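Participant: Assembling the complex is the task here: the two chains are given apart, and the hints tell you how they should meet.
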Amino acid sequence: MLSGIITAFLCLALFILAVVGRFHSPPVGHRLHVMMRMWALLLPVYAALYFGVRAVLPAWLGCPLPWRSVEGLAAFLNGALLYALLFLVWCYCYFCTDHSLSVLYMLALEDTPSRRLSSDDIKKAFPYEELLCQRLLDLQNNGFVVVKDDAYSLTEKGQRNARIAGGLKRFLRLEPGG
Amino acid sequence: MTGMLTALGGFALYVLTHWAACWARSWSRPSRLLNLLWLAFLPVYVAGFLALSHTYPWLASDLRTVNGMINLLNGLLIEVLLLIGYTAFFFLLERGLSLRVTIEISRAPQGRMKLADIMRVYTYDYILEKRLGQMLTMGYWRKNGEDFVSTAKGQRFAAANKLVWKILRIGEE
Chain A
1 MLSGIITAFL CLALFILAVV GRFHSPPVGH RLHVMMRMWA LLLPVYAALY
51 FGVRAVLPAW LGCPLPWRSV EGLAAFLNGA LLYALLFLVW CYCYFCTDHS
101 LSVLYMLALE DTPSRRLSSD DIKKAFPYEE LLCQRLLDLQ NNGFVVVKDD
151 AYSLTEKGQR NARIAGGLKR FLRLEPGG
Chain B
1 MTGMLTALGG FALYVLTHWA ACWARSWSRP SRLLNLLWLA FLPVYVAGFL
51 ALSHTYPWLA SDLRTVNGMI NLLNGLLIEV LLLIGYTAFF FLLERGLSLR
101 VTIEISRAPQ GRMKLADIMR VYTYDYILEK RLGQMLTMGY WRKNGEDFVS
151 TAKGQRFAAA NKLVWKILRI GEE
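Chains A and B are the protein sequences, given in the same order. If you use this note's numbering, the first sequence corresponds to residues 1 to 178, in order. If you use this note's numbering, the second sequence corresponds to residues 1 to 173, in order.
Extracted from the complex, chain B is given alone in its bound form (with noise of 0.2 Å):
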């Protein structure tokens, strides 16, 4: 129980920390600083586990033996999926191309908006510069001239997606 106290704890910290981050100053990569954030908090975690530990009789964990090995690490599992889904969360938030449209639309006059004014707010250009750029910074694909070409990176990310795609049969609808 104490490696779940602890990782909902370090959690709801590491939201308040990126939060107020974030409210600071604005970010041009905001994955870095959830990454930097991540690191960060993973001894913050170990060092919650301890101070529990040692603080409440009744969380107690003794870390020389299996079942306490196991209780640390299934606290660190709970806060990296934790991790994971608050990524997933910032992202639609930060990326979502549906949500930036009904937020456009809210805010236009009479809260109403034709597909033209939607193209016309929220650009190709400024979509497909956000995307491609991203994918030159994370090495998925780099510049030959006017064109995109693939690296051995980007190359296998795209065959594990096809794989998925097929699995799942994604598209075929």
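The shape of chain A in the complex, shown without the other chains (with noise of 0.2 Å):
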């Protein structure tokens, strides 16, 4: 079992490693896109290091091989579990710090001389259309959204999309939220 656990680790440092490494690199393109892919890549880099670490662990700390017992397999997808899981988290931090509009107001403030802003110096900072404009810009690129005669309008993929989140926020009862 801590085989899959040290490799799981291991995976997620090579992969923040080869993001960064990546970001560094421009042009970058769709970053989650590139993410996913370096993600999947290293894959097989997991499938490798499993059963290296797991010859490097002394025998008393060590499972069977995947194909010789159920408790080998199942330490070894435990592995892959947990890095597809630390891959999510990696995920929810990125795109925290990414598209935060409250950290956006952080750093605005930690950047002004006097180090205090009011509700109008945010307004005028980060004016709405533009900040509004820039996420539709976002769900177009994305296929979500389309525009004709100055109008949006949602996709196939847009409207699928509003229809679970809409329905699971209204069960929630997390409107109107946002």
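Don't read these hints as lab results, they were simulated from the structure. Misleading hints may appear alongside valid ones.
What the hints assert, rightly or not - Result set (DSS-like, lysine-lysine): computed pairs, CA atoms no more than 27 Å apart in a straight line:
hint : chain 1 : residue 1 : chain 2 : residue 2
1    : A       : K123      : B       : K143
2    : B       : K143      : B       : K162
3    : A       : K123      : B       : K114
4    : B       : K143      : B       : K153
5    : B       : K166      : B       : K153
6    : B       : K166      : A       : K124
7    : B       : K130      : B       : K114
8    : A       : K123      : B       : K166
9    : A       : K124      : B       : K162
10   : B       : K166      : A       : K148
11   : A       : K124      : B       : K130
12   : B       : K153      : A       : K124
13   : A       : K148      : B       : K130
14   : B       : K153      : A       : K123
15   : A       : K148      : B       : K153
16   : B       : K114      : A       : K148
17   : B       : K143      : A       : K148
18   : B       : K114      : B       : K143
19   : B       : K143      : B       : K130
20   : B       : K130      : B       : K162
21   : A       : K157      : B       : K114
The structure displayed is predicted, hence computed values, not measured ones.
Facilitator: Encoded structure:
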């Protein structure tokens, strides 16, 4: 079991190094797609590293080979699951930093000479129209929205997304939210 | 394997409980409910682990051994990671700006909206009130007259984010 856990963290470390390296070689393109590709490319590395780590660990900490018993297979898959979950948590942290308005406001406050901001200052520094246009452009680039005659409408993908998320928001009493 | 199965089962139970609590009433501070349930489910995880371990011989795990403890902690790690993932999903649903925009467009007459229409139904004041209120509640900022100033906690958080922006070159393209 331990070999899977150690390998998952090793792969996460490799993944982070690869992402940092890639993001320092522009143009990067769609960042989520880049990260997903990197994660998938490291899956065979996980498999190879798993057997390496398993060989290094003392026998009393080891487990059977994946093809020898269910326990061995479960230990291998457990590590892969951990690697997948660590990737999800990484994405959460990344998008909190990259997309969060609160983080944007906090960084802006720290950059002001007086280190203080009023609501009006925030509105001036980040005009709503500009902010919304940027988000709509993201939605357009990701195939959720199309523009026709200056009006935005949803694509099929956008409608499906709005239907599922809207239904869930209503069920969980999170409306209007945002 | 006991830890992994307990974590997956415990997480499913956690999501159902959280959905039931949200469905039953509207929570003014959803993050508090999430955190409370998080804490409540830690003993549930340990109890579930022990129950599975004692009920099924093929899942038996001796906590007096190193392997038994690794099994328990592995499940706990999976459970925590699943809960973080669920929190991310929940806040995307609750707070997501782009999601709210798509829902507003989907509910508009003829399913079309101009920028001005979106700005009217989803106002900047509403967005700011939520974000700034949250930063005050979480102790990142405090009010000084009409202005906001950051606390020591807020300064640390901002510095950490600035470092991440620099390392990952966020906002540079």
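Participant: Each hint should be assessed against the structure and marked as holding or not.
Facilitator: Outcome of the hint check:
Using a Cα cut-off of 27 Å, the hinted pair K123 (chain A) and K143 (chain B) holds, with the two alpha carbons roughly 17 Å apart. Simply put, K143 (chain B) and K162 (chain B) have alpha-carbon atoms about 23 Å apart, close enough for the 27 Å limit, and the pair holds. The hinted pair formed by K123 (chain A) and K114 (chain B) meets the criterion: a straight-line CA distance of about 21 Å does not exceed 27 Å. Taken as a hint, the K143 (chain B) and K153 (chain B) pair is honoured in the structure, with Cα atoms around 14 Å apart against an allowance of 27 Å.
Annotation: proposed proximity of K166 (chain B) to K153 (chain B) holds, straight-line Cα distance about 20 Å (limit 27 Å). For the given pair, K166 (chain B) sits about 25 Å from K124 (chain A) by alpha-carbon distance, which is consistent with the 27 Å threshold. Restraint check for K130 (chain B) and K114 (chain B): the C-alpha separation of about 24 Å stays at or below 27 Å, so the hint holds. Taken as a hint, the K123 (chain A) and K166 (chain B) pair is honoured in the structure, with Cα atoms around 25 Å apart against an allowance of 27 Å.
With a C-alpha separation of about 21 Å, the suggested pairing of K124 (chain A) with K162 (chain B) holds against the 27 Å cut-off. For the proposed pair K166 (chain B) and K148 (chain A), the alpha carbon gap of about 37 Å is over 27 Å, so the pair is violated. A threshold of 27 Å between alpha carbons decides the hint, and for K124 (chain A) with K130 (chain B) the separation of about 18 Å falls inside it, so the pair holds. Distance restraint check for K153 (chain B) and K124 (chain A): the Cα-Cα separation of roughly 25 Å lies within the 27 Å cut-off, and the hinted pair is therefore satisfied.
Taking the CA atoms of K148 (chain A) and K130 (chain B), the gap is about 31 Å. The hint is violated against a cut of 27 Å. Proximity of K153 (chain B) to K123 (chain A) is assessed by CA-CA distance (about 24 Å); at most 27 Å being required, the pair is judged to hold. Our distance criterion of 27 Å between C-alpha atoms is broken by K148 (chain A) and K153 (chain B), whose separation comes to about 46 Å. With a C-alpha separation of about 10 Å, the suggested pair K114 (chain B) and K148 (chain A) falls inside the 27 Å cut-off, and the hint holds.
Note on K143 (chain B) and K148 (chain A): the hinted pairing is violated, with a Cα-Cα distance of about 43 Å set against a maximum of 27 Å. A hinted pair counts as satisfied when its Cα atoms are at most 27 Å apart, and K114 (chain B) with K143 (chain B) does not qualify at roughly 35 Å. Proximity of K143 (chain B) to K130 (chain B) is assessed by CA-CA distance (about 15 Å); at most 27 Å being required, the pair is judged to hold. Restraint check for K130 (chain B) and K162 (chain B): satisfied, since their Cα atoms lie roughly 23 Å apart, inside the 27 Å limit.
The straight-line distance between the Cα atoms of K157 (chain A) and K114 (chain B) is roughly 20 Å, inside the 27 Å bound, and the hint therefore holds.
Hint compliance for this structure: hints 10, 13, 15, 17, 18 are not met, and every other hint is.
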